[in-house]
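Given only the sequences and the hints, what does the whole structure look like? Please build it.
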Amino acid sequence: MNQFSYMRPSNLKAAIDAVAKDTSARFIAGGTNLLDLMKNGVVIPEKLVDINRLPLKDIQLNKDILHIGALVLNSELAAHELVITYHPLLSQALLAGASQQLRNMATVGGNMMQRTRCSYFYDTTMPCNKRVPGSGCGAIGGINRMHAIFGASSDCIAVHPSDMCVALTALDATVLVAGPKGNRRIPFGDFHRLPGNTPQTDNTLGKGEIITAVEIPSNAFTKNVYYLKVRDRASYAFALVSVAAALDISNNIIRGARLAMGGVAHKPWRLREAEQTLIGKAPTTENFRVAANIAMTSAIAYKHNAFKIPMAHNTIITALQKAAAI
Amino acid sequence: MKKQQVGQSMDRVDGRLKVTGGAKYFADHQLEDLLYAALVCSPISNGHIKSIDATKALRAPGVADVVSHLNAPPVPGYKQENKNPKQGLKIFNDDRIYSNGQPVAIVVANTLERAVHAASLVQVLYSQETHHTEMSNNMDKAFQNNGMKDYVRGEADAWKKAPVTLEAEYTMPIEVHNPMELAGIVAHWDTPDTLTLYAKTQGVKSVQQTLKELFQIPEQNITVHAPFVGGAFGMALRVWPLEVATILAAKKIRKPVKLVITREQMFTLVGYRPQATQKISIGATIDGKLTGITHEAVAITSPYEDFTEGIVGMSKFMYACPNVNTKYQLVPLNISTPVWMRGPGEATGAFALESAMDELAYKLHIDPLEFRIRNHADTDPEKNLPYSSKYLKEAYQMGAEKIGWFQRNPEPRAMKEDDMLVGYGMSSGAFGAYRGKATANAILKADGSLVLRSAAADIGPGTATAMVQIAADATGIDPAKITFLLGESAYPEAPRQGGSSTVSTVGSVVNDVCKTLQQKLGELAINHLPAFKNAKPEDIIYEDGQLLLTSDRSVKISYQEVLHQQSLPELLVTTTSQSGDERKKYSMYSFSVHFAKVHVHPATGVVSIKHVVSVADSGTIVNSKTAASQMIGGVVGGIGMALTEEAIMDHRFGRFVNNNYADYHVPVNADVPPTDVLFINKKDPYINPMGAKGMGEIALIGFAAAVSNAVFHATGKRIRDLPITPDKVMQEKNEI
Ligand SMILES: Cc1cc2nc3c(=O)[nH]c(=O)nc-3n(C[C@H](O)[C@H](O)[C@H](O)COP(=O)(O)OP(=O)(O)OC[C@H]3O[C@@H](n4cnc5c(N)ncnc54)[C@H](O)[C@@H]3O)c2cc1C
Ligand code: SF4
Numbered sequence: 001m002n003q004f005s006y007m008r009p010s011n012l013k014a015a016i017d018a019v020a021k022d023t024s025a026r027f028i029a030g031g032t033n034l035l036d037l038m039k040n041g042v043v044i045p046e047k048l049v050d051i052n053r054l055p056l057k058d059i060q061l062n063k064d065i066l067h068i069g070a071l072v073l074n075s076e077l078a079a080h081e082l083v084i085t086y087h088p089l090l091s092q093a094l095l096a097g098a099s100q101q102l103r104n105m106a107t108v109g110g111n112m113m114q115r116t117r118c119s120y121f122y123d124t125t126m127p128c129n130k131r132v133p134g135s136g137c138g139a140i141g142g143i144n145r146m147h148a149i150f151g152a153s154s155d156c157i158a159v160h161p162s163d164m165c166v167a168l169t170a171l172d173a174t175v176l177v178a179g180p181k182g183n184r185r186i187p188f189g190d191f192h193r194l195p196g197n198t199p200q201t202d203n204t205l206g207k208g209e210i211i212t213a214v215e216i217p218s219n220a221f222t223k224n225v226y227y228l229k230v231r232d233r234a235s236y237a238f239a240l241v242s243v244a245a246a247l248d249i250s251n252n253i254i255r256g257a258r259l260a261m262g263g264v265a266h267k268p269w270r271l272r273e274a275e276q277t278l279i280g281k282a283p284t285t286e287n288f289r290v291a292a293n294i295a296m297t298s299a300i301a302y303k304h305n306a307f308k309i310p311m312a313h314n315t316i317i318t319a320l321q322k323a324a325a326i
Numbered sequence: 001m002k003k004q005q006v007g008q009s010m011d012r013v014d015g016r017l018k019v020t021g022g023a024k025y026f027a028d029h030q031l032e033d034l035l036y037a038a039l040v041c042s043p044i045s046n047g048h049i050k051s052i053d054a055t056k057a058l059r060a061p062g063v064a065d066v067v068s069h070l071n072a073p074p075v076p077g078y079k080q081e082n083k084n085p086k087q088g089l090k091i092f093n094d095d096r097i098y099s100n101g102q103p104v105a106i107v108v109a110n111t112l113e114r115a116v117h118a119a120s121l122v123q124v125l126y127s128q129e130t131h132h133t134e135m136s137n138n139m140d141k142a143f144q145n146n147g148m149k150d151y152v153r154g155e156a157d158a159w160k161k162a163p164v165t166l167e168a169e170y171t172m173p174i175e176v177h178n179p180m181e182l183a184g185i186v187a188h189w190d191t192p193d194t195l196t197l198y199a200k201t202q203g204v205k206s207v208q209q210t211l212k213e214l215f216q217i218p219e220q221n222i223t224v225h226a227p228f229v230g231g232a233f234g235m236a237l238r239v240w241p242l243e244v245a246t247i248l249a250a251k252k253i254r255k256p257v258k259l260v261i262t263r264e265q266m267f268t269l270v271g272y273r274p275q276a277t278q279k280i281s282i283g284a285t286i287d288g289k290l291t292g293i294t295h296e297a298v299a300i301t302s303p304y305e306d307f308t309e310g311i312v313g314m315s316k317f318m319y320a321c322p323n324v325n326t327k328y329q330l331v332p333l334n335i336s337t338p339v340w341m342r343g344p345g346e347a348t349g350a351f352a353l354e355s356a357m358d359e360l361a362y363k364l365h366i367d368p369l370e371f372r373i374r375n376h377a378d379t380d381p382e383k384n385l386p387y388s389s390k391y392l393k394e395a396y397q398m399g400a401e402k403i404g405w406f407q408r409n410p411e412p413r414a415m416k417e418d419d420m421l422v423g424y425g426m427s428s429g430a431f432g433a434y435r436g437k438a439t440a441n442a443i444l445k446a447d448g449s450l451v452l453r454s455a456a457a458d459i460g461p462g463t464a465t466a467m468v469q470i471a472a473d474a475t476g477i478d479p480a481k482i483t484f485l486l487g488e489s490a491y492p493e494a495p496r497q498g499g500s501s502t503v504s505t506v507g508s509v510v511n512d513v514c515k516t517l518q519q520k521l522g523e524l525a526i527n528h529l530p531a532f533k534n535a536k537p538e539d540i541i542y543e544d545g546q547l548l549l550t551s552d553r554s555v556k557i558s559y560q561e562v563l564h565q566q567s568l569p570e571l572l573v574t575t576t577s578q579s580g581d582e583r584k585k586y587s588m589y590s591f592s593v594h595f596a597k598v599h600v601h602p603a604t605g606v607v608s609i610k611h612v613v614s615v616a617d618s619g620t621i622v623n624s625k626t627a628a629s630q631m632i633g634g635v636v637g638g639i640g641m642a643l644t645e646e647a648i649m650d651h652r653f654g655r656f657v658n659n660n661y662a663d664y665h666v667p668v669n670a671d672v673p674p675t676d677v678l679f680i681n682k683k684d685p686y687i688n689p690m691g692a693k694g695m696g697e698i699a700l701i702g703f704a705a706a707v708s709n710a711v712f713h714a715t716g717k718r719i720r721d722l723p724i725t726p727d728k729v730m731q732e733k734n735e736i
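Chains A and B supply the protein sequences, listed in that same order. If you use UniProt numbering, the first sequence corresponds to residues 1 to 326, in order. If you use UniProt numbering, the second sequence corresponds to residues 1 to 736, in order.
Any given hint might turn out to be false.
With a straight-line cut-off of 27 Å between C-alpha atoms, the simulated DSS-like cross-links for lysine-lysine are [what the hints assert, rightly or not]:
(1) A:Lys47 x B:Lys717
(2) B:Lys717 x B:Lys610
(3) B:Lys682 x B:Lys383
(4) A:Lys322 x B:Lys717
(5) B:Lys383 x B:Lys327
(6) A:Lys39 x B:Lys56
(7) B:Lys383 x A:Lys322
(8) A:Lys303 x B:Lys393
(9) A:Lys322 x B:Lys610
(10) B:Lys717 x A:Lys303
(11) B:Lys728 x A:Lys322
(12) B:Lys212 x B:Lys289
(13) B:Lys212 x B:Lys90
It should be emphasised that the hints constitute simulated quantities derived from the structure, not laboratory data.
Pasting the structure below:
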């Protein structure tokens, strides 16, 4: 690890200034991802700007919109009464992530900004376009069991590893950002991006911009929701595939549906077409299968991850069955 | 008579020290002027070092030195002209690179952070040659060395003639040693030829021996301390190049140096369970009598050492089968040398044999448990000897009843609980019950307390606790007044802690040295105490820490009073003890039986183990609590082997891609179900004075097969390739 300087500003402007002006400066929140990246020499910041003193730790309900500060801890958020009551899908997704110890440190902003877990990205002796643009993609011809089946490019097939973000995508959240040029609001689905030919860029956050909060609008998905994560061990493992399913059912008819997948793409993967086919239908396995088929149409597999296509298909059906309690 | 201690569930004597942080592990030793080391490891997998430029590293703050083959002190034990090419990795001897992750330099600085940083500044240029790391592409290189003879009993390949046959191939990946405590060492040369080490080892004496050879210094000049070891499972049974590298750095710099390797380096520097491919061909009569077993195994090794273990062993003696033949070969790859990992080769072999037994039972339409009983070996068919003790049939019955085996519907894919498929599987395991040679001191103190010393190890099973219990029974002294000291090379010789033999070997000498102590006390009494004057040694009995006359039990004296009367501050005796002819007359094995109940989620392929019953037939249980922990630990390791553990390599580079705790999946608490441990707990009459056979290995041997057999029972799908991850079990699309 290189030497670096450290500061801990207590107002937002100072934090933004510090990072905006210094190309090698980084925000640090829980540090659960950044420190690993630094130890492996993947990220070599010369300055760490610790944001833990910023006033971004509130959880409030304002006019039916749930406002979650960027520094709220994953464990705190998962256990929060407002989340359990109004957005249980988010709580389930959070609890499926990492381990209790990690969730006790991990923040909402850090979770969104966490880098891929692609092994080649973490090993500086290996090629990786995301780490060193132009060096090649180690995973495409290498070990790609954990990699993308949707939206990948010939430059990068990595996946975004977050569970929380899958639920936030499904719940139509909005990301609140502050930066040198003022504040912005970004629909959650537009926050992360596909790799294209610039896989080094994970998301649409600009230099010096900081996530201040996430907002979730009110919805009817309080009962028939399920987050199903398929993984290699029962806890503390990243998703092979995961599905966030939320249904609004009345009189045995689906009035509203939300579906998103994790572990399958460079961003949390929303399944809008599949959602649409469910509206107005009865919650049956047959209808769920139709949705799953639609969801999987554009999937492409690599050498070791072909299993993800049937697995994702089956997981969508199972998650919907569990959400509908059938 | 006092309550017998052997068999009690006594608390660990060092438990308090361990949970309060009082136990000092090797890395806890802060010597004066201690320096910290970090390794520079090769990113290439075959070739040579062209150059090492340490200029930048040497200029970095706090750096003491960068040691490599260019400047390391010579190691007199590296025999330059030996013709045998397989002499192990001679660290810092030359520029040759055999495998990825091989250390090329050690950087030493006054803080760990500075050493790590400076290591990243060392610039090494390599000339690369083609490497071979993929087993399946290198099967043509398979060979046998002199120690790997084929085995034939009766007729080879007799299975072919059987009415019902099975041929199946079983594969398992590299499993890596991942105990919590990382490997490393603290090394200090007190003088140019006296060396002090704080080590992570399963045998202080064997470290001393290895280093005596390497550095050609007298044994007594090497002091090895390892009273506490944070888990080892076989990885610390030998001295590794990383330790020699540190010792060389300490020699060159003339200051104490500490190295603790990284988790990533654990994948390349301390051995692993070798990847293996096994073919079992097996035949039986239609009423389920085995007629032939052929077991062929191929496993990987390094270019510079042949690592062999007991992969095909169990097939030779486990079942009463007239015809058995085995073959065992090695494939050398550009990878570091494997090492024993709990259960070692027998666990690999048992996965294949016990899966094949299950497969054949289904083919025969015979219950897998019944099939095993029909082929039970009443005497050892390999050695043609009676077993010293064997209660395997009882173990089958106990386990079966506990898990509810007889209530299962034996049809595959016939049982369900909610949306889960339910499966029950079973298997058996066996491992040689050994007894080696060991020496111990017993020191009776004036206050009546007893100190025992032997250079044994405790990598976690609770060695000292068991020894205190054995000594308490042998002497009648209150266990609270007995201390057993281990893990110091200055103590009398004991073997490494491996092969499930510590209780047998060291326990025997503890028993015997206590007897020697009593004899000595008896002699003192006869020679110096009027009340015992005319007694013969056989007239004296020893009870509750006292000497009594058989003829008149009111004539008695406590051990400490004997010392007191002679004004002796203490009494020290030493005894060596080993097995005798009994090993020629009997075949000695410990046996285990494992039952697992699994849930399989058919759509996603997720397997969760819901209940485990493991039964141990390992003679007398010395401590029921530590023994149960030992068995549960074996189950946890077995779950890893069955469901989660696999080191994955990118063969283009010869590098592991999941070399960390996040991506290499050891089981977590949520993977481990309620586990019932049952003991036969019947004394083996021959093995040793306690009648206790080993247990560490059988806890794991066979377990993976119980799980894969249960997965088959649940799903109808046979998984012959470990680990059983969801993708292998999952149903095809449209099946749900
Ligand atoms: C072993 C392991 C297993 C894991 N398993 C899972 C899992 O199963 N599922 C899952 O979802 N996650 C998992 N995680 C990831 C974990 O959720 C993230 O590491 C965590 O959420 C990151 O949050 P943090 O606050 O610690 O971020 P940090 O490490 O502090 O920061 C991460 C990045 O975010 C940036 N950042 C932080 N806050 C802000 C902000 N407010 N605005 C702008 N940028 C910011 C930092 O500059 C940095 O680049 C795992 C992590 C580990 C180490
Ligand atoms: S998939 Fe992306 S992150 Fe992984 S090696 Fe390729 S470019 Fe790098």
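Q: Hints the structure violates: just list their numbers, smallest first.
A: 1, 7, 8, 12
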